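> If you want the building blocks of each chain, they are given just below.
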Amino acid sequence: MLEVRDLHAYYGKSHILQGVDLNIAGGEVVSLLGRNGVGRSTTVKAIMGEVPPQGTIRFKGQQIAGLPSYKIAHRGLGYVPEHRDIFPGLTVRQNLLLGVKDVRRPGKWRLEGMLEMFPNLAARADTPAGVLSGGEKQMLTICRTLMGDPELIMIDEPTEGLAPLIVQQVGDLIARIAEAGVAILLVEQKLSIALRISHRVYVMGHGRIVFEGTPDELKANDAVRKEWLEV
Amino acid sequence: MLELIVISTLNGVLFGMLLFLLSSGLTVIFSMMGVLNFAHASFYMLGAFFGYQLTKWIGFWPALVLAPLLVGAVGMAVERYGLRNTHKHGHVAELLLTFGLAFAIEEIVSMIWGKSPMDYRIPAALDFPAFTVFSTNYPAYKIFMLVVSVAIFVALLIVLKRTRVGLIVQAALTHPSMVGHLGHNVGRVFMVVFGVGSALAGLAGVIAGPSLVTQSDMAGLLGPILFVVIVFGGLGSLPGAFIASLLIGLIQTFAVALNGSLASAFGPLDPSLGPSVLTDIWNVTIAQIAPILPYVLLVLILIFRPMGLLGTRET
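Chains as they are written, first to last, in this note's numbering: chain A, 69 to 299; chain B, 962 to 1276.
Hint data in this document are derived by calculation from the structure and do not stem from the laboratory. Small disclaimer: the values here were computed from a predicted structure and weren't measured. Treat the hints with care, as some may be off.
As the list claims (entries may be wrong) - As a list, the in silico DSS-like pairs of lysine-lysine whose alpha-carbon atoms are at most 30 Å apart:
(1) A/258 / A/294
(2) A/169 / B/1049
(3) A/176 / B/1122
(4) A/176 / A/139
(5) B/1103 / B/1017
(6) A/81 / B/1049
(7) A/258 / A/287
(8) A/176 / A/128
(9) A/139 / B/1122
(10) A/169 / A/128
(11) A/128 / A/139
(12) A/139 / B/1017
(13) B/1122 / A/169
Please put together the full structure from these sequences, using the hints given.
Quick look at the structure:
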């Protein structure tokens, strides 16, 4: 479904992505692991068009590199950035409704269903989203992107800075998205979640992919874990 | 005295609402693009001149609708072909673009219409006293201006708070790139907002033109006060702009109307100082210092509350 070939990206003069290759099939859950600053977030941003990409990015067979991000979103790619960009002045309900790309063609995720799934959000449907807790904000950003009915959703560091119980809930939500048949590209630092729900994992180091395999293969590969993941 | 208060309050609210027609657009454009649009008052002037010209050709009422639309179209073109291309070169380039545009518009206007005031008259249908307060006849046209500004204010509020487009605009004010990731065309939203902001400034020009003076320096006269309003209210804050508009409208009107001075306040106790520098200060009337009052306010707010009344930014 998503095919990335020899992807390069720059911040000013620094060469952040130095030829990233990755694939995600329809309905597949893939994690992108690695330490801070190796280019995981930049990879996702380049795919989404927020950082100018160089190279080939094909989504459902069509080149999307260089398109503005709203057009990429309309092709069926969802993106949840790492800083939980909720719209603080708008209510929870309004935040969710803005996730809908085209009101004439509602997707499989509905507002009512979403609120049923998350009693926390339902209870605060009409309060400004700015007052939510960190975990609730994270749930809201993921749900908001789902409202746009993506076929592939890229989620950047969803569990960063959250309490263990909330991390568990975010993990459950991601598993539920996968069950609904949506492909997922998860950028994570916590191995536990990534290994629990992923079909495949990529490990990044210094702007390129240094390992690709199943969670079990990664668990068995001490060398890769020592060199690229453990602190 | 009561008469003075009633009339000045009416005039002050009217001037304030007029300021709000301009400052609302300016402040929304600022929060979206992070750039002060120096040409905003020029759109107001364009509105007045378009209104004058169209009134001559097709009458006041069609001009009231058409002139703001024309100004809005000019605004959209400026955003689409000017600001959008300049954006990648940073805020300074954008700022300079709007700065140059303000001069260009002023020059073009005085080339076409000359430098003397236009004979832009109040339409006959509104040229009568609406009511009499004590001994003063209050003109119907001023009531009309007030009604138009309030109607636009209410319409703006409904669109922003109750419609999907309004929600997208509100979200794009703070998180433009996230709005783009959700599949909304932020560039188009910017262009439309810039157009609507310009059209509102144009509308203010069309209705203010006959009542104030339609002249090629009107942008330069109003522009600075406009900046005071949005800085005072808090850059990017619509409610702030509303409060500041009314406040500055009222302060200016009352200051002009009150003809007191320190000397008259003391009345018979006035110590005769003889001719000195102090006598000049002693005899300055409030009306004389009225024009500088907004700037005094600006300095005070920048010292004591740099983010403005309701602003959130620390700039």
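> Report the numbers of all earlier hints that the structure fails to satisfy, in ascending order.
12
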